[in-house]
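From just these sequences and the hints, can you work out the full model?
One-letter residues, chain by chain:
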Amino acid sequence: MFERRKRSQQDFAEELKAHIALEADRLREAGMSEEAALAAARRNLGNVAQAKERFYEAHRWLWLDPLIQDLRFGLRQLRRNPGFTAVTVITLALGIGANTAIFSVVDAVLLRPLPYPRPQQLVSVWETAEQFKDSQVSAAGPDFLAWMHESSVFSTLAAGEICDPALTGQGEPEHLYGICVTPDFFKVLGVSPSIGRALLPDEGENAVVLGYGLWRRKFGGDPTILGRAVTLDGTRFTAVGIMPRAFRFPQIWGITEPESYIPLSLAQLQKTEDHSLWVIGRLKPGATIAQAQVQLATIAARLAKENPTTNAGVGINVQPLHVEVEQGMSGPLVMLLVATGFLLLIACANVANLLLGRASRRRQEIALRIAVGAHRWRIMRQLLTESVLLALLGCVPGIFLAIAGKHWLVALSPEGLLPQTNPINLNLPVFVFVVVVAVGTGILFGLAPALEGSKTNLQDSLKEGARTSAGAGTHRLRQVLVVAEVALALMLLIGSGLMVRSMKNVLNQSLGFNPHHVLTLSMTLPRSKYPKDANTLAFDRAVIRRVEALPGVRAAAFATIVPATGGGFGTVRLEGQPVVPEATGPEAFYGYVTGDYFRALGIPIAEGRAFADADYSTGPETAVVSRKFAETFWPKGNPIGRRFQIAGSQPNNWYRVVGVAQDVATNPGNPPVSEAWLPAANRQATLLVRTQVKPASLTRSIERQVWKVDADLPIYDVATMEQVLATSFSGVRYIVGLLGIFTLIALALAAIGIYAVMSYFAGERTHEIGIRLALGAQGTDVLMMVIGNGIRPALIGIGVGVVAALGLARLLSSMLYGVKPTDLVTFVAVSLILLGVALLACYIPARRAANVDPMVALRHE
Amino acid sequence: MLTRKDTKSAALLQGTLDMLILRMLNPGPNHGQGIARAIEQQSENVLLVDHGALYPALDRLETKGFITAEWGTSSNNRKARFYTLTAKGRKHLFKEAGQWRALAGAISRVLGPEAAKG
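Protein sequences appear in the order of chains W and L. All residue numbers for the first sequence refer to our numbering, where the first residue is 120 and numbers rise by one. All residue numbers for the second sequence refer to our numbering, where the first residue is 1299 and numbers rise by one.
Do not rely on the hints blindly, as some may be mistaken.
[Stated by the list, open to error] Once the Cα atoms are required to be at most 25 Å apart in a straight line, the calculated DMTMM-like pairs of lysine to aspartate or glutamate come out as:
| hint | chain 1 | residue 1 | chain 2 | residue 2 |
| --- | --- | --- | --- | --- |
| 1 | W | Lys171 | L | Glu1360 |
| 2 | L | Lys1377 | W | Glu153 |
| 3 | L | Lys1377 | W | Glu154 |
| 4 | W | Lys136 | L | Asp1357 |
| 5 | W | Lys651 | W | Glu324 |
| 6 | W | Lys136 | L | Glu1360 |
| 7 | W | Lys136 | L | Asp1348 |
| 8 | W | Lys171 | W | Asp189 |
| 9 | L | Lys1377 | W | Glu148 |
| 10 | W | Lys136 | L | Glu1338 |
| 11 | W | Lys747 | W | Asp715 |
| 12 | L | Lys1362 | W | Glu172 |
| 13 | W | Lys171 | L | Asp1348 |
| 14 | W | Lys171 | L | Glu1368 |
| 15 | L | Lys1362 | W | Asp130 |
| 16 | W | Lys136 | L | Glu1368 |
| 17 | W | Lys171 | L | Glu1338 |
| 18 | W | Lys171 | L | Asp1357 |
| 19 | L | Lys1362 | W | Glu133 |
| 20 | L | Lys1377 | W | Asp144 |
| 21 | W | Lys171 | W | Asp130 |
| 22 | L | Lys1377 | W | Glu172 |
| 23 | L | Lys1377 | W | Glu133 |
| 24 | W | Lys651 | W | Asp734 |
| 25 | L | Lys1393 | L | Asp1357 |
| 26 | L | Lys1377 | W | Asp130 |
| 27 | W | Lys648 | W | Glu280 |
| 28 | L | Lys1362 | W | Glu176 |
[Stated by the list, open to error] On the chain W side, residues computed to face chain L include the following (Cβ under 10 Å):
| hint | residue |
| --- | --- |
| 29 | Glu133 |
| 30 | Leu141 |
| 31 | Asp144 |
| 32 | Gly165 |
These are calculated hints, taken from the structure and not from any lab test. Predicted model, so just to flag it, every value in this text is computed and none were measured. Glycine is no exception: its CB is placed at the ideal position from the N, C-alpha and C atoms.
Take a look at the structure:
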């Protein structure tokens, strides 16, 4: 149909003219006069206008015409009011941009399925302890084997744990962030190396698959590395495969991208009782998680009966791998999405208000059009088209904002916080979302003015003085919009306020130690070089002696438990108590320390003493416990001299308490926990160095001293204690920071909205104000009157917002720390702030109105 | 198609007009006014063409590719848009004309010789 449009109406008109001329010629030849011939010719042609119309109609999609007309008119209107257009476009761009940026994150993290074949079949399996209903633990080897052999609901099951060997012989020794996995691991995920092969079930112990990043970085991307030897922890491994570049590890188990995959021997799993395995599995087609849960629970029950010492009370929790990968980000992300949703609603309300104001000004024009025969619906359609056009215009900068926003969202996010198993980018669903949101907002805020605009009272509107009479309906509607804006802004403010208070509680928690001037360096000694504990202790002592001899160093110690980086924990059994099956009794954190640990971290000893050299000579028999530990286990009486056991510690001796230390925030953001420190050396430990000078300045010297003891030892995770703490809080700061930004923007928009409406209404009452002033009212009286009227919708909005917030804040409670969702202080403070902002927004136009010259005002129409 | 109330002319169907137009173009190219005139002449003024309805028909035929159009000059030096029959149009014409003649013959036979007097 479109090709025919090549022939213009002009062309057709000419053809008709030619026709008439020719016909007139013929009639003249037949004897008619000039005018008669022309007249007759025209008559013969029939209704020219109709012919032209028929031609026109045959060549167009008729419904498109009014639309194009509306669009042209709308664009012209927008061009004529650049200020209005700019404000609305910016407002919309902010709302749409924020929403889209957050939504792209939500889409990648929460909505998109994992990038593996049939991801809905993937699950992770945890063990649970009857006593601790909310927490889950990693699996024990024999339990995993039992599941593998006895369950029928999985097509494959695999286990893994962190294995971080030291890579040597390839430039500087490097500590690898790798995992040990049972051979079916690759099958579970449905991935395989792009070069070489995956690990085989009957693989010897010395094969390794390398991660793509490591391969490129350390081996120069050389494909001939396959089959060659790679030295890990002093042992020769053969590289058998390289993972594909596009492969994304599911970001579970605290790992972003493993650098090495080493086989975990099933035979060895049978022997260890440690709960150290992370398990993932792929369900058979048609099997459900519920079925898996039931089956595994049955197996667990059997194990509990057969091995009560180790398995009593041990249960199962199966959950979709997807949930695992989200890493608890679903709450905060949804909260942010809701916040940006509110922001968009406020933006829409603002634009609606502006449009309503404009519709009032165009009242005369609209009345005229209706008077000459325009259909009301046509007017509505035109106004709606203008609104959608405006929304789409706002879309364009909105998308740019979204792209920039998404970039900063990801770039500024603390490492590992946003799971990027699915890369976060703006893709088709996000784009569709944007367009839907934009058109939706266009209709949403265009509806109000469109409905209002078409309901004009013709008589009144056509009259000259029509400008002053905004219909009562419009007035009411604008006030309702203000109420809505204020309520939404209040809810956002309360949400932010609660989160900020919660964050402050987390950050201000007493740490229990002195984090300043402490440097941490992590090392893992290879078993091959340090087969016995005595070797490790010797290493530790040598390093400590050397490091403490450095100028500027106050104390040095090794520890496996470091604040904000965690440590081991196990069930505690007190002397004189009956034997309690593992994983069902009260637990405590514990760690091994060598050297002057308490002095290095600045932890005061409250009772008793710290460790001395003698404590290290035999396998640990003494312990220092935290105050919480002492209070939990020996609430009455002196803890010094008492004995206890901790399951999972090596060796599983009875430890005698020799000292009590102040509570330390091992898990910042949470209340102090029971902790015990044992004097022993451990192959994997962190060196803590308290310095007099800036800790970072001593890094190289300390590392050199370490290498003097063992030249091949890679040192990793070097950071000051302050950095470590900052990292652990960075997630909270990030989320709360984002929420704060959105809230401030929303608040600004709400303020602008109130100001705009107030200006308009104050302007409308200029005439009336003039009369009042002329009759003797004071400026302040007028001020009070205008503000009084204007503040009412804001007050109602605050009221509505408070009620709504009381209901909705409960949803935040899982993310709050030390603050109730109905915290009075927050509610009151926020309400006052919003009231202040509203008063300010009302005051300015009110002052302008009150200061007007009465003579001018009286003449104002 | 009728616009003159005082004439008892036959009402023709749309498709028939198309066919007549094509027929008029068979001898050679012509412009709109010329085609209308030709139909009137050849039918001895029985068929009176509404010149206004002519153009949508021409438009239709042009869309279907039965005729092509070009601006040219008429015999008395007027600018006019000339239509030419295409091969496709000629084929269509013969098909339609054949069908029409068959139909007309059949009706004639059914009505019998008396109808000719009426």
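Comparing the hints with the structure gives:
{"no.": "1", "hint": "W:Lys171 x L:Glu1360", "result": "17 Å, holds"}
{"no.": "2", "hint": "L:Lys1377 x W:Glu153", "result": "19 Å, holds"}
{"no.": "3", "hint": "L:Lys1377 x W:Glu154", "result": "20 Å, holds"}
{"no.": "4", "hint": "W:Lys136 x L:Asp1357", "result": "16 Å, holds"}
{"no.": "5", "hint": "W:Lys651 x W:Glu324", "result": "21 Å, holds"}
{"no.": "6", "hint": "W:Lys136 x L:Glu1360", "result": "20 Å, holds"}
{"no.": "7", "hint": "W:Lys136 x L:Asp1348", "result": "16 Å, holds"}
{"no.": "8", "hint": "W:Lys171 x W:Asp189", "result": "23 Å, holds"}
{"no.": "9", "hint": "L:Lys1377 x W:Glu148", "result": "18 Å, holds"}
{"no.": "10", "hint": "W:Lys136 x L:Glu1338", "result": "21 Å, holds"}
{"no.": "11", "hint": "W:Lys747 x W:Asp715", "result": "21 Å, holds"}
{"no.": "12", "hint": "L:Lys1362 x W:Glu172", "result": "20 Å, holds"}
{"no.": "13", "hint": "W:Lys171 x L:Asp1348", "result": "14 Å, holds"}
{"no.": "14", "hint": "W:Lys171 x L:Glu1368", "result": "19 Å, holds"}
{"no.": "15", "hint": "L:Lys1362 x W:Asp130", "result": "19 Å, holds"}
{"no.": "16", "hint": "W:Lys136 x L:Glu1368", "result": "16 Å, holds"}
{"no.": "17", "hint": "W:Lys171 x L:Glu1338", "result": "23 Å, holds"}
{"no.": "18", "hint": "W:Lys171 x L:Asp1357", "result": "12 Å, holds"}
{"no.": "19", "hint": "L:Lys1362 x W:Glu133", "result": "22 Å, holds"}
{"no.": "20", "hint": "L:Lys1377 x W:Asp144", "result": "13 Å, holds"}
{"no.": "21", "hint": "W:Lys171 x W:Asp130", "result": "11 Å, holds"}
{"no.": "22", "hint": "L:Lys1377 x W:Glu172", "result": "23 Å, holds"}
{"no.": "23", "hint": "L:Lys1377 x W:Glu133", "result": "9 Å, holds"}
{"no.": "24", "hint": "W:Lys651 x W:Asp734", "result": "18 Å, holds"}
{"no.": "25", "hint": "L:Lys1393 x L:Asp1357", "result": "20 Å, holds"}
{"no.": "26", "hint": "L:Lys1377 x W:Asp130", "result": "12 Å, holds"}
{"no.": "27", "hint": "W:Lys648 x W:Glu280", "result": "22 Å, holds"}
{"no.": "28", "hint": "L:Lys1362 x W:Glu176", "result": "17 Å, holds"}
{"no.": "29", "hint": "Glu133", "result": "8 Å, holds"}
{"no.": "30", "hint": "Leu141", "result": "4 Å, holds"}
{"no.": "31", "hint": "Asp144", "result": "6 Å, holds"}
{"no.": "32", "hint": "Gly165", "result": "3 Å, holds"}
Of the hints listed earlier, there is not a single one the structure fails to meet.
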